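Engineer: One letter stands for each residue in the lines below.
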Amino acid sequence: MKGRMRSHVNAVDQIATGTHGLRARRGRTLLTALGIAIGIASMVSVLGISSSSRAELVAELNALGTNLLAVQPGSNTFGETVQMPEAAPDMIRRIGPVESAGSLTKINTSARRNEHIPTTNGQGLDVVAVEPDLFVTVGAKPAVGRTIDDSTEELPVVVLGSVAAERLGIRSLADGPRVFISNRWFDVVGILEPLALNPDIDRSVMMGYPAAVRELGIKPAATQIYVRTDQDRVEAVRAVLGRTASPGAPNEVQVSRPSDALEARTKVDQNLQNLLLGLGGVALLVGGVGIANVMVISVLERRTEIGVRRALGATRRHIRIQFVLESSLLSALGGALGVALGIGVTIAYANSQGWLIDIPPLGVGGGVAASLLIGAIAGLYPAAKAARLDPADAVRPM
Amino acid sequence: MSVANPPAPALQLRGVTKTFDGPTPVHALRDVDLIVEQGELVAIAGPSGSGKSTLLNVIGTLDRPTTGSVEIEGSDAAKLSDRELAGLRSQRIGFVFQHFNLLGGMSATDNVATGMLYQGRRAAERRREARTVLGRVGLGHRLDAKPATLSGGERQRVAIARALVGDPALVLADEPTGNLDSSTSEEIIDLLLGLNAEGTTILVITHDNELAGRMPRQVRVRDGRVAA
Ligand SMILES: Nc1ncnc2c1ncn2[C@@H]1O[C@H](COP(=O)(O)OP(=O)(O)O)[C@@H](O)[C@H]1O
Ligand SMILES: [Mg+2]
Chain S
47 MKGRMRSHVN AVDQIATGTH GLRARRGRTL LTALGIAIGI ASMVSVLGIS
97 SSSRAELVAE LNALGTNLLA VQPGSNTFGE TVQMPEAAPD MIRRIGPVES
147 AGSLTKINTS ARRNEHIPTT NGQGLDVVAV EPDLFVTVGA KPAVGRTIDD
197 STEELPVVVL GSVAAERLGI RSLADGPRVF ISNRWFDVVG ILEPLALNPD
247 IDRSVMMGYP AAVRELGIKP AATQIYVRTD QDRVEAVRAV LGRTASPGAP
297 NEVQVSRPSD ALEARTKVDQ NLQNLLLGLG GVALLVGGVG IANVMVISVL
347 ERRTEIGVRR ALGATRRHIR IQFVLESSLL SALGGALGVA LGIGVTIAYA
397 NSQGWLIDIP PLGVGGGVAA SLLIGAIAGL YPAAKAARLD PADAVRPM
Chain F
336 MSVANPPAPA LQLRGVTKTF DGPTPVHALR DVDLIVEQGE LVAIAGPSGS
386 GKSTLLNVIG TLDRPTTGSV EIEGSDAAKL SDRELAGLRS QRIGFVFQHF
436 NLLGGMSATD NVATGMLYQG RRAAERRREA RTVLGRVGLG HRLDAKPATL
486 SGGERQRVAI ARALVGDPAL VLADEPTGNL DSSTSEEIID LLLGLNAEGT
536 TILVITHDNE LAGRMPRQVR VRDGRVAA
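Protein sequences appear in the order of chains S and F. When we follow my numbering, the leftmost residue of the first sequence carries the number 47, and every step to the right adds one. When we follow my numbering, the leftmost residue of the second sequence carries the number 336, and every step to the right adds one.
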């Protein structure tokens, strides 16, 4: 008797056999792969777009620094708003890791373009007294003109935040613009660039403390102090700020970090991203069911092929592998198309927004791997059906 | 056992029956005994529904007999697992079907090369063999043609080449001329006679008595019984 005869297919041929059905029906292959392609494309582009936008936000945050703190008077136990001691800014500047600090005091008045506009029309702008140090502390730069400094803080002049300038209709200093505050004119000597972390300053009309005390008779108690610290000591400074600003009543001082608001935006993105990823997942699931469907139909149509292969010596296992492979390759084709599409969408969108392009490799690799897996799972049932076919039945003409 | 064992017959059936279960069970084969020696060319003839295809499927191990034994070159098919039967089919048996059953979208060469796919041979080797065998069946000039562009007779030649490639002990053809006109049938029968003359053992089913009469040996099937 002869040695045992083995039916065997080498790996390269097994893969080629897995592509046979796909190559024979190209139109159907492409249409079926499209479902997976759309699912993967939406996931990759969601990941790509959100990580590109986050990359942009992180770059912005890094440029602004997360080492800016804000100190504000809070309320006492009776719920009344308290005043900060006048010495608070100087005390804060004495804390070692504080690089700079600058205060501002809101003045209960409004700025107008001329005396004919009623005083009730404040246009949402604040008139404030500022220390020259405030500008370095928050990183404010003049778009035109200058900031309030040692030589101008005594004079009846103002500097406008970007929003304040816009609302007052002042775009340049060319024709000597002035604003009317509490019955007297102040010359505009500068307009600031917009500030990402300090929308309050964008909306302010700013003058020096000596001018405000002399012209408007204010009490120079700060309503806000900005503090720039050593990047590595932010928390330490934060812990002592209340005590330093108001030794008598540290609890009546509020300390916050303006960059936290910006950081919160990345968290909101995360929720939206999860939602969109979920939708992409549903698309994938639908694509997978579509593949399973088409594979079942394909097995029915290819009864004879299956019978012929069994007659030529294929084992049930060879048939099962052929169809699982076919299904996986079909899905992976969709996955590859989807990844390409998703990258294209990400690049186009990021470019249109002027963002950095950041395509997460995990999304790309995960997309292809997920589509392979989905295809393999979708192929299990049709492949089992194909393998179970009785070879004698399968070759019998119907 | 004696020292000079005669070579095992290509095929030996002993008491083979095949019953298809159902509301009314069909006794497709009843107590069939058959021996085919190496190098024979046998026509299996009989009316439609007499059990010819069932007999061929049992011989080709696509179907197991209900009772009785099937031996291919001395090895008992009943003792083999599904996997081992697949191995036997891949190495020792070649099938030709009435409807050709070529794989669409594949060239003639690739169709024939598929006949050796499950022997685990490399693609280049399979294609080389396929081209040689296509030459033997007179299709050396249509190596790259797709089945859809071939005539019926040409398709059946490709199917015969697919059965021959890989050097089987036994070629089984189920009405290979059933879908062909008479002159093309003539060519296919001549081809089978020629291949047999070169040494291939062949069983051909036909319900055409005249064609059967041209074969060296006829086996008549009637109502599932064989009258040799
Ligand atoms: N899978 C099957 N189930 C039930 N009956 C079958 C099956 N295959 C064949 N038969 C029956 O067995 C008998 C022999 O069929 P077959 O071998 O195809 O005859 P032939 O090839 O000589 O025309 C017929 O009555 C046929 O209906
Ligand atoms: Mg038949």
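These aren't lab readings, by the way, just hints derived from the structure by calculation. Heads up, some of the hints might be wrong.
[Stated by the list, open to error] As a list, the in silico EDC-like pairs of lysine to aspartate or glutamate whose alpha-carbon atoms are at most 20 Å apart: (1) F:414 - S:436; (2) S:431 - F:417; (3) S:152 - S:200; (4) S:152 - S:106; (5) S:187 - S:106; (6) S:152 - S:221.
Bear in mind that the values here come from a model prediction, so they are computed numbers and not experimental data.
Engineer: All hints are to be evaluated individually against the structure, with a verdict given for each.
Structural biologist: Hint check results:
1. F:414 - S:436: holds (19 Å)
2. S:431 - F:417: holds (17 Å)
3. S:152 - S:200: Holds, at roughly 17 Å.
4. S:152 - S:106: Violated - the C-alpha atoms of residue 106 of chain S and residue 152 of chain S are around 28 Å apart, more than 20 Å.
5. S:187 - S:106: holds (17 Å)
6. S:152 - S:221: Not satisfied, since the Cα-Cα distance of roughly 28 Å exceeds 20 Å.
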